[in-house]
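Colleague: Here are the chains, one letter per residue:
There are 2 protein chains.
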Amino acid sequence: MPAFKAPNRILMGPGPSNIAPRVLEALSEPVIGHLDPEFSQLMERVKHLLRQTFLTENSLTMPVSAPGSAGMETCFVNLIEPSDKVLVCINGVFGGRMLENIERIGAEAVVLEQPWGEAVDPERVRKLLREHSQICALAFVHAETSTGALSDAQTLAGIAREYGAITIVDCVTSLAGVPLRTDDWGLDAVYSGTQKCLSCVPGISPVTFGPRALERLQRRTTKVPSWFLDLNLVMQYWDGGDGARTYHHTAPVNALYALHEALVQLHEEGLERSWARHRHHHGALRSGLEALGFEFAVSDASARLPQLNAVRVPPGIEEAQVRSRLLSEFSLEIGPGLGPWAGEVWRIGLMGTSCTAESVLTFLSAYGEISGAGDAGVRSAGEYYETAEGAD
Amino acid sequence: MPAFKAPNRILMGPGPSNIAPRVLEALSEPVIGHLDPEFSQLMERVKHLLRQTFLTENSLTMPVSAPGSAGMETCFVNLIEPSDKVLVCINGVFGGRMLENIERIGAEAVVLEQPWGEAVDPERVRKLLREHSQICALAFVHAETSTGALSDAQTLAGIAREYGAITIVDCVTSLAGVPLRTDDWGLDAVYSGTQKCLSCVPGISPVTFGPRALERLQRRTTKVPSWFLDLNLVMQYWDGGDGARTYHHTAPVNALYALHEALVQLHEEGLERSWARHRHHHGALRSGLEALGFEFAVSDASARLPQLNAVRVPPGIEEAQVRSRLLSEFSLEIGPGLGPWAGEVWRIGLMGTSCTAESVLTFLSAYGEISGAGDAGVRSAGEYYETAEGAD
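Chains A and B are the protein sequences, given in the same order.
According to the working numbering, the stretch in the first sequence is residues 117 to 508, in order.
According to the working numbering, the stretch in the second sequence is residues 117 to 508, in order.
With the rest of the complex left out, here is chain A:
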């Protein structure tokens, strides 16, 4: 059987994003033991870099050895017990997943449901917290990957704190793409993923727990239902220094080499410059999309994620066929809509390493050719790049 050779794609879907050669090189360094002193040093560096990325001083900041969904589950199974009541905000697929987590734990969920494409409404959150006593946690998605909507995590966390609730926040798509200030905003439990704006291999989920989350974890009266995700055990491995680590499971050594390098790369650029770069190329893409007559699925422009642009498929366009031709003729991936938006929306990502002028112009040009819409999009983006204050 022949070796698998992957094609070179321009990845402009909802993740994974393109991975820089230096990160792939780090990934393929020789494997070493998960208790090797050299690996122990790498772990300390990864924790340090993750803290800088989450903008936190939380001691419990580490990468869960599984994808973002496991990061989500880590937060819920460690912080929520069957007797708890949680307010969960659903404005897309991932809020719905949070509800699944709460229900599977056997806890009570108070659900705030909003139309897809809207940000979570702080006033409705406040109203529900006022109406329902004893809500111990507010769960919401900072950057909804299914809709491209950004919610105001700072305001939501402030309201939760007023009512004595901790926050569990999905930052899978937001981390490194838009401002996220864990400590300044008082977020209590945050999880993310490596394959979005960090531009690392999929399969790892960075999480951080603040003091109030830690206190809840320590005050539990029931065992964490998952052995694999029980942070009381996981932290005996991640928290011990060299020589003091206790084996829990075998860490995904090579993926953590890659995460280290992706984080080093991010901080060479600088977190704020990364946010600015995402805004900048989003501006160019938006300009091109609007010139082509596209309508954004998130109508409130201030709630649009620069790194994930959800647009309505224009009438008369065969959406699956266009995606398929972009892939086969231009080796360019964009994402389809999920759930109720399947067939109606495209999700065009500009995440991490994929967030470049080349991506923007290649997509607009390729789409113009396939759809017959011509070069209006490319021209408009080009003008944007000439006049806008650059981030590069």
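Since the hints were made in silico from the structure, they are not lab data.
Check the hints yourself; a few may be wrong.
No distinction is drawn between identical chains; accordingly, a pair holds when it is met within one copy or between any pair of copies.
Below are the DSS-like pairs computed for lysine-lysine, each with C-alpha atoms no more than 27 Å apart in a straight line [to be verified]:
(1) K163 <-> K121
(2) K163 <-> K339
(3) K243 <-> K201
(4) K339 <-> K201
Given the coordinates of chain A, assemble chain B onto it according to the supplied hints.
Modeller: Leaving out everything else, chain B in the frame of chain A:
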């Protein structure tokens, strides 16, 4: 911050084992989308190769996107409900983990505890199955990574079937190192890991479910407590062919490139030849260890795993210091004892790519030098290689 450069180790612990350059090359192929048609083809090839490796025709055969402990948890959370009763055999650390899984589900456990270093006793299993009615599953570890003991999975599965119980079998360390015949032996749910005898990156757990396990999964009356590990959902991604896959979580794309290549490599050698190679080099290592006066921690020679040799630390030897010198002076890793065997036992692995004459001779020579025991071990292993019928 500088890039992390990993040292070149000879990995003779309990895993990870050394990874072949071709597998590391595959690992660092460019990432593509988890719904890309090319990736879909890779997924089909991986499932096909895993079936050949487990020696099964089970349709539900796939790699869980997380380490072996998550593979274990996948089996338990999908197959065991709170009202169930499970017979679990504990003869080392990993049987104890199985018990943790059962307890966290809230199911009832009947525990067969045996001294560390022994194989699971089929007659004691039979007795407990006879005494306790309504045991729905027998859980045991085929190859105990903490002790180096091999249990007779075929006989145990036969007994379980007599009593109408399914089997949940930990084959993390056995797969590709010793015979494992899922279908011939009638094993119902089997999980493994990639970083042992498959010599792939840590972080993935291949599992296979037979028809009886599948039937239990479909007959469940409660939801699987873990959303991330719920096979009803996971299989909508892994079971759909090209175009029919439903997104569940983002697959660890690059790790699966590597798994594919590691499996191709394994089947180029042939499964039976891989088993024979492990036996062969184990013979040489055993010969050398015995010449140095080592005692195996598993006293029954027929129950010793060729790929994981647990030996008692000789009196007067500073065990941590020797391991540390092996690492710093020879870049060679062996494993310490776990739990009650900490400080008393070494675990010397010969797994997958690490299972070579070079590993055996390097370890024996390095140990002879550090301990002052001289070259008796190397000489004895050398004689073995000259006289034994080779596997290479």
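Colleague: Work down the list of hints and note, for each, if the structure agrees.
Modeller: We went through each hint and held it up to the structure:
1. Taking CA atoms no more than 27 Å apart as the test, K163 paired with K121 passes between copies only; the shortest distance there is 18 Å, against 33 Å inside one copy.
2. In this assembly of identical chains, the alpha carbons of K163 and K339 lie at most 27 Å apart only when taken from the same copy (26 Å versus 35 Å across copies).
3. Only within a single protomer do K243 and K201 lie at most 27 Å apart by alpha-carbon distance; the minimum there is 16 Å, versus 45 Å between protomers.
4. Both within a single protomer and between protomers do K339 and K201 lie at most 27 Å apart by alpha-carbon distance, with minima of 18 Å and 19 Å respectively.
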